[in-house]
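Chemist: So the chains spell out like this:
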Amino acid sequence: MQPSSVTERQAGQSSPAPLHVLTLGLDQEVFALETERVLEVLDVVAVTTVPNARRFIRGLINVRGRVVPVTDLRSKFGMGDAPTTPDTRIIVIEVVLRGQLSTVGILADRVYEVAELPHASLEETPRLGMTWRPEFIKSIGKRGDGFVIVLDIEKVFASEEAPISSPAGS
Amino acid sequence: MQMSPDPADTFRQEAAELLEQLEATLLDLEGAPENHALVDQAFRALHTIKGSGGMFGFDAVAAFTHRLETAFEAVRSGRRPATPALITLTLSSLDHIRSLIVSPDTAEPSIGAALLAALADLDGPVAAAPLVVEAKADVPPLPLKTTTGGTLSRWTVRFRLAENVMSFGTNPLLLLKELRDLAGDGRRCTVTALTDRVPLLEDLDPFALHVAWEVDLVTAHEQADIEDVFIFVADDAQIEITRHEEEKAIAQTTQPVASVIAALTPAAPPQAARPSPPSAPEGAGSIRVQAERLDSLMDQVGELVIAQARLRQLSLGGDPALLSVVEEVERLVSDLRDTTMSIRMLPIGTLFGRFRRVVRDLSQALGKEVMLTTEGEDTELDKTVIESLNDPLVHLIRNSIDHGLETAEERRAAGKSGAGTVHLSAVHAGAQVLITVSDDGRGMNREAIRAKAEERGLIAPGAEVPDSELLGLVFEAGFSTAAVVSDVSGRGVGMDVVRQTVDALRGSLMVDSPPGRGASVTLRLPLTLAIIDGLLVQVSGGQYVIPLAAVEECVDLTPAEDARWTRRNFLNLRGDLVPFLRMRDLFGVPERPEGFQKVVIVTSGGMRVGLVVDHVIGQYQTVIKSLSRLLDEANQFSGATILGDGSVALILDVAHLIDFAQALEAERKAS
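Protein chains in written order, with my numbering: chain Y, 29 to 198; chain A, 405 to 1075.
Everything labelled a hint here was simulated from the structure, so no lab data went into it. This structure is a prediction, so every number in the text was calculated from the model and none was measured. It is possible that part of the hints are untrue.
[Claimed, not checked] Here are the simulated distance ranges between beta carbons:
no., chain 1, residue 1, chain 2, residue 2, range
1, Y, V73, A, F991, 20 to 30 Å
2, Y, E122, A, T743, 32 to 42 Å
3, Y, H48, A, V831, 55 to 65 Å
4, A, A524, Y, E122, 53 to 63 Å
5, Y, R83, A, N794, 50 to 60 Å
6, Y, R83, A, N976, 46 to 56 Å
7, Y, A45, A, Q717, 44 to 54 Å
8, Y, G106, A, T510, 48 to 58 Å
9, A, G945, Y, M107, 20 to 30 Å
[Stated by the list, open to error] Subject to a maximum C-alpha distance of 20 Å in a straight line, what follows is the list of computed SDA-like cross-link-like pairs (lysine to any residue):
no., chain 1, residue 1, chain 2, residue 2
10, A, K787, A, S829
11, Y, K183, A, D1036
12, Y, K170, Y, A45
13, Y, K183, A, E1037
14, A, K787, A, I691
15, A, K856, A, F879
[As the list claims (entries may be wrong)] Short derived list, chain A residues pointing at chain Y, Cβ under 7 Å:
no., residue
16, D410
17, A412
18, L708
19, G876
20, F879
21, Q1025
22, K1029
23, R1033
24, L1034
25, G1048
26, S1051
27, V1052
A virtual CB, placed ideally from N, CA and C, is assigned to each residue, including glycine.
With the hints as constraints, model all of the structure from the sequences given.
Modeler: Shown next as structure tokens:
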């Protein structure tokens, strides 16, 4: 499990290795996380809410004896709340928070599959045409007819609560 | 699982401990220069650093320590007194050895040379030895002693070391070399290998030492000097030292061997001993354990406590036979937990010892006479707590000496003794420990603190602020009343470090300063960071743990008191007025619960506060899980725990919860 290997691979542009990602659905969008950082995918369990915590933190769950926060990225992407459905999952990932490797759960409306995104299909984040902060997004891949948005999850967690950024990312 | 540690790391760690020990010994020696036991102790420590330094390739360390050892040898033989100047130089030399160990490449050799020159100048030249560390057969011997007035005698030293001695890092070649060095320049030393116990090749264990040696030497040294060669291996070795009165012939020994290396090769190459780390053969009653293993043991015991709680819940109302087994397991788990915790406990004296050097150096740098007194060194604390206390205590001590204590003249003018005192104490108070740093200096300057606080906008100009709160402001970041920033303190960083560390340890700070009679800062800390006893309560749908150490009692909230929902929140507790906080209110739950609520009376910072909860579920032993960095802002909670049913409960941080409530109240009043 080496989250850094992906970025290294991306940095070395000559390498044609495809990007392995887990694709998930939030609202109508398809997002992707590098498989290297995904630990497991869980069904929704009882979540202990943390009073007075920031809005995108749903609460805490017990993952095999570890206390892991569950986050809802909807608010980060300016989406409204969604009810829990039989498709809802918690994706447990590893992420570096303030210099510390931490385990965090992410709520997903759906989890699709583990996919390979060919290197050639990955594109830089366009600076226009999105309501989200460009720094949240590592790259955009094409899959079938649609787009897959590869998240820069560390940046998402590091950001302040404001869900929608000003255009052109100041 | 764990890899065997890098031998060089083991050396670094051992050397760090030895240097620390040596430092303490030297400081003791300064107070009692005639104490031979202390001199010997210091010498042994130097000797070990030299020996293992050479063994693990820290040649610069070995060479430098050797020279230092030579200087100390003069003290040991009584030819030089242990003067404060010598101690100072030796302490600086220790720092140099430290830097040689930590960063051998960047350490400045000129510092070492200067120190050695200063040592040599100290009171006339003491024979400086040539810098030789390799154990080659043809190097000139090191004249460890040059001036021992005794006559020459012939000795036969016959020794057989324990078979496993090389796995502890002992290199027999070095012992032989030391013996040969005793013979001095005359080189009248014959080494004979006794190979009678070397087994046949198929039975040969290449890591064991099968060879014994007989060494014939003529030397002016005493028997004690020869015994010293074996100082670290004597435990399991057979050593015979016989003196031949004034004999001169050396001819009758058997089978002389030209080179000791030749004798050694059939048994075991000396390098075979290198990869295994040296354990401490001298401490038969204790073993060295890697800290990470202790940490994982603690984690596993923590899991066991949680699993046990689940087991208990499942067994309730079941088979009585099962229940009795569950109770048995419960008792065992509780014992195991206590034992594991006690393994992690260290006496705080290990930490206090380090500050003697800090105080000594500072008092010299500032020209103030300072005495450090300590109390409660035996008080035990979790090792992680002790480790994190080093920096804050150093800051507090620096602050006391730099700002608190006056100069000797000022003190005498104020009718005090010339020497100031810094007092460190540790004492248990329930599940907490109180660590106090106090001085008998001029005390804190309330006017200066107020002026600075007003300047920085921390308090309104002229506002009435309780004394303890005013003094507590010095722990704000960047808060310094020092007019001049010195090397020692005044940047306003130190006190901030103190507060952050104490916060991180879930502790609290108290400052007291009776005007003119010094100042004291008390750190109140939990004994351990791993497990606490708590009271499990329910608020709305959630369960929370209140640390039992903070809980005084639980009372009912009478309907009459409850009816005054918003007007005033005071409780009449046996005649005392106790304010209470409604947890539902604090957690943003607007509805009121059904049935009688309970009030848990807690104390925090000397204040009694009631916390209104829906139900009190009971006492609960809790394994603390730290909260994710994502929840850094939710500081009303110090951690979380996993309950018997597998769900997560939050642990309340009572002090921060009260702060939060006060902030909330102020906000509401303002709006």
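Chemist: Can we keep the Q1025/A interface hint, with Cβ of chain Y closer than 7 Å?
Modeler: Where the cut-off is 7 Å and the nearest Cβ of chain Y is about 16 Å from Q1025/A, the hint is violated.
Chemist: Are the Cα positions of K787/A and I691/A separated by 20 Å at most?
Modeler: holds, 16 Å
Chemist: Hey, does the G876/A contact hint survive, CB to chain Y under 7 Å?
Modeler: violated, 24 Å
Chemist: Honestly, do A524/A and E122/Y meet the 53 to 63 Å range at C-beta?
Modeler: holds, 58 Å
Chemist: Between R83/Y and N794/A, is the Cβ distance one that fits in 50 to 60 Å?
Modeler: Given range 50 to 60 Å: violated, Cβ gap about 39 Å.
Chemist: Are E122/Y and T743/A spaced within 32 to 42 Å by their CB atoms?
Modeler: holds, 33 Å
Chemist: Range hint 20 to 30 Å: satisfied by the CB atoms of V73/Y and F991/A?
Modeler: holds, 21 Å
Chemist: With the threshold set at 20 Å, check whether the alpha-carbon distance from K183/Y to D1036/A stays at or below it.
Modeler: holds, 17 Å
Chemist: Would the pair K183/Y and E1037/A pass a check requiring their Cα atoms to be no farther apart than 20 Å?
Modeler: Roughly 18 Å between the alpha carbons, so the hint for K183/Y and E1037/A holds.
Chemist: Regarding H48/Y and V831/A, is the given constraint of 55 to 65 Å on their beta-carbon distance met?
Modeler: Distance hint for H48/Y, V831/A holds at roughly 57 Å.
Chemist: Lying within 20 to 30 Å: is that true of the beta-carbon distance G945/A to M107/Y?
Modeler: Given a distance of about 25 Å, which is inside 20 to 30 Å, the answer is holds.
Chemist: Restraint: L708/A near chain Y, CB-CB cut 7 Å. Satisfied or not?
Modeler: With a closest approach of 10 Å, the L708/A hint is violated.
Of the numbered hints stated above, those contradicted by the structure are hints 5, 6, 16, 17, 18, 19, 20, 21 and 25, listed in ascending order.
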